[in-house]
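Peer 1: Here is what each chain is made of, one letter per residue.
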Amino acid sequence: MSLILPFFTGLLFGVGLVISGMSNPANVIAFLDLAGNWDPGLAFVMLGAVVTFGAGFPILRKRQGKPLFSDKFTLPASTSLDRKLISGAIIFGVGWGIGGFCPGPALVNVLTGSAQGLLFVASMLIGMLVAVYRKS
Amino acid sequence: MNESFTYSSLLPSLLGGVMIGAAALMLMSSHGRIMGISGITSRLLKPVAGDIDWRVSFLAGLIVTPLVLQFSSRVQMQVVTDVSAPTLILAGLLVGFGTVYGNGCTSGHGVCGVSRLSRRSLVATLTFLATAMLTATLLRLVWGA
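So the sequences go chain by chain: A and B.
Residue numbers for the first sequence follow our numbering, so the first one is 4 and each next one is one higher.
Residue numbers for the second sequence follow our numbering, so the first one is 21 and each next one is one higher.
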C-alpha cells in the first residue's frame, strides 16, 4: 500500500494538470504573456490548489500524529531568504517564460508522443543533474 | 484534449486545481512529504537508500496519466508550443537548474509552500512568476511569436 498510494497520488496530480489545461504549454504562455490574448486560467488553478491544500493541511496535521507510512512529516526547516533561493527562482522563471513548461506539466507530457515535451524533459533532467552535483 | 475541454470556462481550471491540492494532501498524509515535482525528481538523480520507492511510484503515476486518460475516456492530450528545438533545450536546462538551485517549482513553492504561508516559498513564487511573465511578454513582443 505504501507503494501503491503514491502512484495514484501522482496520477491524480497528472489528471488535475490535464483537466486544468496546465499540461498544455500554450495555456501557460497565455497566462504569462501579458501582451497577448491573456487567459487567467493559471491563477484559478493555483487558487483551487492553494485553497484545498491550505485548508486541508492544518486539519491533517491536527488529526494525524504522523504520516501513514513514515515516522514524521518532513517539512522544510529553512526560513532564510538567501541568494540561492532568489537566483534559482529567477533562472526557473526565465526558463518557464520561454517554454511554458514547468517540471510537473513537462513530465505529464512524456508519454503523449510530443517530441517537444521529450526534448524539454531531457534538457530539464540535465539541468537538474548539474545543480544536484554542483550543490554537494 | 478536444477544444471544448480546454478554455471555454474557468471551472476546469478550478477543478483541476482542487485535484492538484488533493494530491498534495494525499502525499502529505501518506508519506509526510511536500508534493514538489522538482524535488521529487531531482532527489532521484542522487538517490539515498530508503528514500527512493515512493518517488518512483509517484512519478510513474504522473507519467502514465496520458495513457490512462486515453484508455478511460478517450481524452487526447494537446501539447501546443511554437518554441523551436534549441530554445526548448535552453528552457529545459534553465528550469531544471533553477528549480533545484532555488529548492522548488510551481508545485513545491507555488502550491504547497504558499498554502503553508512559508516566507521562502512566497518570495520564490512571486519571483519566478514575475520573471516568467516578464520573459514571456518580452519574448513575444520582440519576436512577435
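Any given hint could turn out to be false.
Said to hold, decoys possible - Cut-off 25 Å, straight-line C-alpha distance, at most; resulting in silico cross-link-like pairs (PhoX-like, lysine-lysine):
#1 Lys66/B with Lys65/A
#2 Lys66/B with Lys75/A
#3 Lys75/A with Lys65/A
Source of the hints: derived by calculation from the structure; they are not laboratory data.
Since this is a predicted model, take the numbers as computed values, not measurements.
Peer 1: Hint by hint, note whether the structure agrees.
Peer 2: Right, here's what the structure says about each hint:
1. Only pairs whose Cα atoms come within 25 Å are accepted, and Lys66/B paired with Lys65/A is rejected, the gap being roughly 33 Å.
2. A C-alpha spacing of about 22 Å is found between Lys66/B and Lys75/A, which places the hinted pair at or below 25 Å, so the restraint holds.
3. For a cut-off of 25 Å, the pair hint linking Lys75/A to Lys65/A stands: about 13 Å separates their Cα positions.
Checked against the numbered hints above, the structure violates only hint 1.
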